[in-house]
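Visitor: Sequence:
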Amino acid sequence: MSVRKIKKSYISCVGYFKSYKNNKQLAFESILERDFFMLLEFDRDVVSFEEQPLKINYQLKAKNTRYTPDVLVTYKDGSQKIFEVKYQSDLDSDPQLQHKISVLKEEIARQMFIPFETFTDAQIDQIYFKNCVFLYKNAFISENSTMTNKILENINKLSEPISIKSFLELLSTNQTEQLRILPYLWHKIFKEPSLIDMHKKITMSSLILIRRNS
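Heads up: the sequence shown begins at 16 in the working numbering, then just goes up one per residue.
No wet-lab data here; the hints were simulated from the structure.
Check the hints yourself; a few may be wrong.
[To be verified] Straight-line C-alpha distance at most 16 Å; calculated EDC-like pairs for lysine to aspartate or glutamate:
| no. | residue 1 | residue 2 |
| --- | --- | --- |
| 1 | 165 | 184 |
| 2 | 180 | 192 |
| 3 | 216 | 192 |
| 4 | 203 | 168 |
| 5 | 101 | 136 |
| 6 | 145 | 212 |
| 7 | 115 | 99 |
| 8 | 70 | 122 |
| 9 | 120 | 85 |
| 10 | 101 | 85 |
| 11 | 203 | 158 |
| 12 | 36 | 58 |
| 13 | 145 | 58 |
| 14 | 96 | 65 |
| 15 | 96 | 107 |
| 16 | 115 | 85 |
| 17 | 76 | 122 |
| 18 | 101 | 50 |
| 19 | 206 | 60 |
| 20 | 115 | 105 |
| 21 | 33 | 65 |
| 22 | 152 | 56 |
| 23 | 101 | 132 |
| 24 | 206 | 56 |
| 25 | 120 | 132 |
| 26 | 152 | 50 |
| 27 | 91 | 58 |
| 28 | 206 | 158 |
| 29 | 91 | 60 |
| 30 | 206 | 58 |
| 31 | 33 | 56 |
| 32 | 36 | 65 |
| 33 | 91 | 65 |
| 34 | 70 | 105 |
| 35 | 96 | 122 |
All chains, please: the whole structure from these sequences, using the hints.
Guide: Written out as structure tokens, the structure reads:
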């Protein structure tokens, strides 16, 4: 549970991100934080993540101060990592911020034995990110076991990659039915992104890849 309530701001962009992975809404204080949440949803090594999870006391320039991390991420192997989310331009132009982050990295490791990293917009692959946003639109569709099983059964039968368009034609020759199936196919790909090349723009010509055994 977040230790600090995020207040409405007319300067920064604040809001709530509906997290599929965490099954709850997470507050964000910038567009970049929201984008980071999106990327964490697609990181298969991430089990969960939490915004502003804790506070620590530390000294900065001989003054006692308090720090609230942006995000705590928990991974499949049980490890955790704290992230500070900042725009690269802010880091590059602010020596005081650079110093603060350097101090925090040492202080968090000393107090909590948890790695501390910064996440910046420079780390975002824009094509990959846009694909994440596109697929996430179908993350919360209502379950339809008949449709899902039909899609999965045909994916498992694939002997070679096939385009989204051709795959739909395998499932039905009726265009109306294809349109009904499509959101469930996107949902399946959202849950299993390895079915598609996420580093190329997703279109109806994108290839469904041979399913990997999990």
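Visitor: Each of the hints needs a verdict: does it hold here or not?
Guide: Hints, one by one, checked against the model:
1. 165 to 184: Holds: residue 165 and residue 184 sit about 13 Å apart, inside 16 Å.
2. 180 to 192: holds, 13 Å
3. 216 to 192: Status violated; Cα separation ~25 Å.
4. 203 to 168: holds, 12 Å
5. 101 to 136: holds, 8 Å
6. 145 to 212: This hinted pair holds, its Cα atoms lying about 13 Å apart.
7. 115 to 99: holds, 11 Å
8. 70 to 122: At roughly 12 Å apart (the allowed maximum being 16 Å), residue 122 and residue 70 satisfy the hint.
9. 120 to 85: holds, 13 Å
10. 101 to 85: holds, 10 Å
11. 203 to 158: holds, 11 Å
12. 36 to 58: holds, 10 Å
13. 145 to 58: Holds: residue 145 and residue 58 sit about 15 Å apart, inside 16 Å.
14. 96 to 65: holds, 11 Å
15. 96 to 107: This hinted pair is violated, its Cα atoms lying about 23 Å apart.
16. 115 to 85: Distance ~14 Å between residue 115 and residue 85 Cα, so the pair holds.
17. 76 to 122: Cα-Cα ~13 Å, so holds.
18. 101 to 50: Between residue 101 and residue 50 the Cα gap is close to 12 Å, so the pair holds against 16 Å.
19. 206 to 60: holds, 13 Å
20. 115 to 105: Within the cut-off at roughly 13 Å; holds.
21. 33 to 65: holds, 12 Å
22. 152 to 56: holds, 12 Å
23. 101 to 132: holds, 11 Å
24. 206 to 56: holds, 10 Å
25. 120 to 132: holds, 7 Å
26. 152 to 50: holds, 14 Å
27. 91 to 58: holds, 10 Å
28. 206 to 158: holds, 13 Å
29. 91 to 60: holds, 6 Å
30. 206 to 58: The given pair, whose Cα atoms are some 11 Å apart, holds under the 16 Å limit.
31. 33 to 56: holds, 10 Å
32. 36 to 65: Holds: residue 36 and residue 65 sit about 11 Å apart, inside 16 Å.
33. 91 to 65: OK: residue 91 and residue 65 at ~15 Å, within 16 Å.
34. 70 to 105: violated, 23 Å
35. 96 to 122: holds, 14 Å
The structure is inconsistent with the numbered hints 3, 15, 34, although it conforms to all the rest.
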